[in-house]
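Start from the sequences, fold in the hints, and give me the full structure.
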Amino acid sequence: MNMITKRPDILVSVFDAKLHYAVGGAFAAMRGKSTVVKAVDGVSFDIGRGESVGLLGESGCGKTSMGRLLLKLEEKTGGTIHFDGEEIGAVRGSGLKKFRSKAQLIFQNPFDAINPRFTIRQTLAEPLENAAIPKREREARIITALELVKLPEPAQFLDRYPHHLSGGQLQRVVMARALILQPEFVVADEPVSMLDVSVRAGVLNVFRDVRDRLGLTAIYISHDLALVRYVCERTIVMYLGRIMEDGPTEDIVREPLHPYTKALVAAVPVPNPDQSHEPLPIGRGAPDPRNPPSGCVFRDRCPAAHARCAAEIPQPKPVGTRTVACHLY
Amino acid sequence: MSEPLLSVRDLRVSYQVGRNFVHAVDGASFDIPRGSITGLVGESGCGKTTVARALTRVIAENAAITGGQILFDGKDLAKIPEKEMNALRWRDIAFIPQSAMNSLDPVYTVEYQLDEVLRRRGGLGRKQSRARSEELFEMVGIDVNRLNDYPHQFSGGMRQRVAIALALALDPKLIIADEPVTALDVIVQRQILDQLKELQTRLGVSVILVTHDISVVAYICDRTVVMYAGKVAESGTMQAALTAPSHPYTMGLRNAFPDLQGAASGILTPIEGAPPNLASPPAGCRFKPRCPFALDICGTEPPVIDVAPDHPVLCHRANESAALRIEAAKTETWMAPA
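Protein sequence lines, in the order shown, are assigned to chains A and B. Last residue of the first sequence: 329 in our numbering, with the numbers rising by one and none dropped. Last residue of the second sequence: 338 in our numbering, with the numbers rising by one and none dropped.
To be clear, the hints were calculated from the coordinates, so they are not data collected in a lab. Note that this is a predicted model, so its numbers are computed, not measured. Every residue gets a Cβ at the ideal spot worked out from N, C-alpha and C, and that includes glycine. Just so you know, not all the hints are guaranteed correct.
[As the list claims (entries may be wrong)] Simulated pairs of lysine to any residue, SDA-like, Cα-Cα distance not exceeding 20 angstroms: (1) B:Lys79 to B:Ala60; (2) A:Lys150 to B:His152; (3) B:Lys288 to B:Pro33; (4) B:Lys197 to A:Pro273; (5) A:Lys150 to B:Ile267; (6) B:Lys127 to B:Glu111; (7) A:Lys18 to A:Pro316; (8) A:Lys262 to B:Gln261; (9) B:Lys197 to A:Pro281; (10) A:Lys150 to A:Arg121; (11) B:Lys75 to B:Lys127; (12) A:Lys150 to B:Glu332; (13) B:Lys197 to A:Arg308; (14) A:Lys150 to B:Ala274; (15) A:Lys102 to A:Asp84; (16) B:Lys197 to A:Ile282; (17) B:Lys197 to B:Met335; (18) B:Lys197 to A:His277; (19) A:Lys262 to B:Ile267; (20) A:Lys150 to B:Met335; (21) B:Lys197 to A:Asp274; (22) B:Lys197 to A:Ser276; (23) A:Lys72 to A:Leu181; (24) A:Lys135 to A:Ser101; (25) A:Lys150 to B:Glu272; (26) A:Lys97 to A:Ala131; (27) A:Lys262 to B:Glu332; (28) A:Lys150 to B:Thr333; (29) B:Lys330 to A:Asn205; (30) A:Lys262 to B:Thr333; (31) B:Lys197 to A:Gln275; (32) B:Lys197 to A:Arg284; (33) A:Lys262 to B:Ser215; (34) B:Lys288 to B:Ala274.
[What the hints assert, rightly or not] Partial list, derived from the structure: chain B residues whose beta carbon lies under 7 angstroms from chain A: (35) Glu43; (36) Val216; (37) Ala218; (38) Gln239; (39) Pro258; (40) Thr269.
Structure representation (structure tokens):
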């Protein structure tokens, strides 16, 4: 039904993806009180080969759930996700193993993502073992991966444990582990949020460099527009499980179209003492994901909401270079 | 500058770890003027939280203030007896701990927790306490009807507002807030910061905001104290720190994080290496191993040089800072030393 999946320049194609959870438990269900949280609710987009896309939004907007759906770490409850022309929902067994080696996750917290009892060599050998790479090739692959992420003199790290490494070094190891099987597609979930400011730039630069050198297709999940802008030419803005706006990052930064994006862009603090202290164009209060507003999920905080917003869910519409889901357009 | 509200002189705080001592704060000096909002910034492990806690003397069991003075209203908080110190807490100095969101007691209503401060610390009567609680909730923009709610019934942003209300309860002269908006989303973060700034201006209270986020500091602070590895690298007005950073560390930070108003093509430049282990800090200047401008002399203890009035800098080359700033703006300068 989704013709786009046939196009060779598209690596990932998402159509009407849904991830709904039942919450409230068995007792609530017995009393007919169980509710559904729609973590991802009818999301569609395509990612071109070699493209870098930022998934931007606040906590609870569904960006991490979306990322996990793309990697089949979570089973979608509706819609389709095609990877390289193949619907991933049905992939099992050896097909799944192959998919896992092609699509990798870069974790958020390097201190949690690595087994503290494994040396760096063991950490990096594990995915190679799983992929049945012969033993004699492993050491060389490990060194190459560590060189790729610009860890100086990689050999000296091999027998060290994670606690011997700094946060920046550890995040490079996490990245090396994701890249060691030479994936085509990586999802990076807030990869620098746990790092200090002075070392963040180094990790971001490595990410950009590796991506360009290997021609990777990448999703960069973040709540920080300034970081997304640094690594992605395109940004998808999510709110309560839906896409609000999708388009070139630079256009979104310069002239956000969706009322939510406008507030999000205005809220980013910039290192400039003359920054405007105007109140944000957004209502207070985080929405309750169990009980989202009818129609447009953003309408109860939106300064431009009108009658139609409560009655009708806004469908994504092309506006210039972008797609916007808002009745104003 | 008139008499500052708080004057920290050569403050030292050490932690005992096994048989070793870690000098987490090693000679920090700065002033907090009355009615100001000061950002205490630095990376993890730089000693900013330890300084903040030392100011209220709420420090870990294995830590001790080993030297220096904390002059507040004519008293040296480093020396006064615990009883006297305890009388100052909440009344004169209020502390909002890190993740204040989770520091509220989950088994008591919010009103009970406000009441505890207002009546036990402030000596207010039951009725006065209720009236003040309502007033505080109005100040931080929460519906008064929610006073009887428990902490889990509030969102993260609202719990942070409750923590601010608690800090304001007894009209303190100084509020120390440790990473008050770090766990919050950008939009809520912005709304809380605006509220904090508005209250600070209206009530004339002084605020010390401890954070690693320079953008947050630039947004609401009028002064800043930059810490690195247990020492104050430089301090002064926000304007000076942003337009004329004079310590190489501050200069480096300026290139290290993305700026939404900057050019899209700009490249970020990290500061190579990592902060030193404070159990065995390098001799002399602690930034030397990462500093592109380090000379032989930097192996000795750096002096504090006033590059301008109200702008002390801990660096041997502080007098050359104008020239160094030009070099520091170039990416090549920060490439790993060959």
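- Query: Taken at face value, is the distance from the CA of A:Pro316 to the CA of A:Lys18 at most 20 angstroms?
  - Reply: holds, 16 angstroms
- Query: Hey, A:Lys262 versus B:Ser215, does the alpha-carbon distance stay inside 20 angstroms?
  - Reply: holds, 19 angstroms
- Would the pair B:Lys288 and B:Pro33 pass a check requiring their Cα atoms to be no farther apart than 20 angstroms? violated, 31 angstroms
- Query: Within a Cα-Cα threshold of 20 angstroms, do B:Lys197 and A:Pro281 meet the stated pairing?
  - Reply: holds, 18 angstroms
- Between B:Lys197 and B:Met335, is the straight-line Cα distance small enough, at 20 angstroms or below? Distance ~38 angstroms between B:Lys197 and B:Met335 Cα, so the pair is violated.
- Is it true that the CA of B:Lys197 sits at most 20 angstroms from the CA of A:Pro273? Holds, at about 14 angstroms.
- Task: So, B:Pro258 near chain A? Judge it on the closest CB pair being under 7 angstroms.
- Result: holds, 4 angstroms
- Message: Hinted pair, alpha-carbon criterion (20 angstroms max): A:Lys150, B:Met335. Please report holds or violated.
- Response: It holds: about 13 angstroms lies between the C-alpha atoms, which stays within 20 angstroms.
- Message: What's the verdict on B:Lys197 and A:Ile282, does the C-alpha distance respect the 20 angstroms limit or exceed it?
- Response: Holds, because 19 angstroms separates the two Cα atoms, which is no more than 20 angstroms.
- Item | Proposed proximity, B:Glu332 with A:Lys262 (alpha carbon, max 20 angstroms) | Violated, because 36 angstroms separates the two Cα atoms, which is more than 20 angstroms.
- Take a quick look at whether A:Lys150 and B:Glu332 sit within 20 angstroms of each other, Cα to Cα. holds, 17 angstroms
- Message: Hinted pair, alpha-carbon criterion (20 angstroms max): A:Lys150, A:Arg121. Please report holds or violated.
- Response: Holds: A:Lys150 and A:Arg121 sit about 16 angstroms apart, inside 20 angstroms.
Comparing the model with each numbered hint stated earlier shows that hints 2, 3, 11, 13, 17, 19, 27, 30 do not hold.
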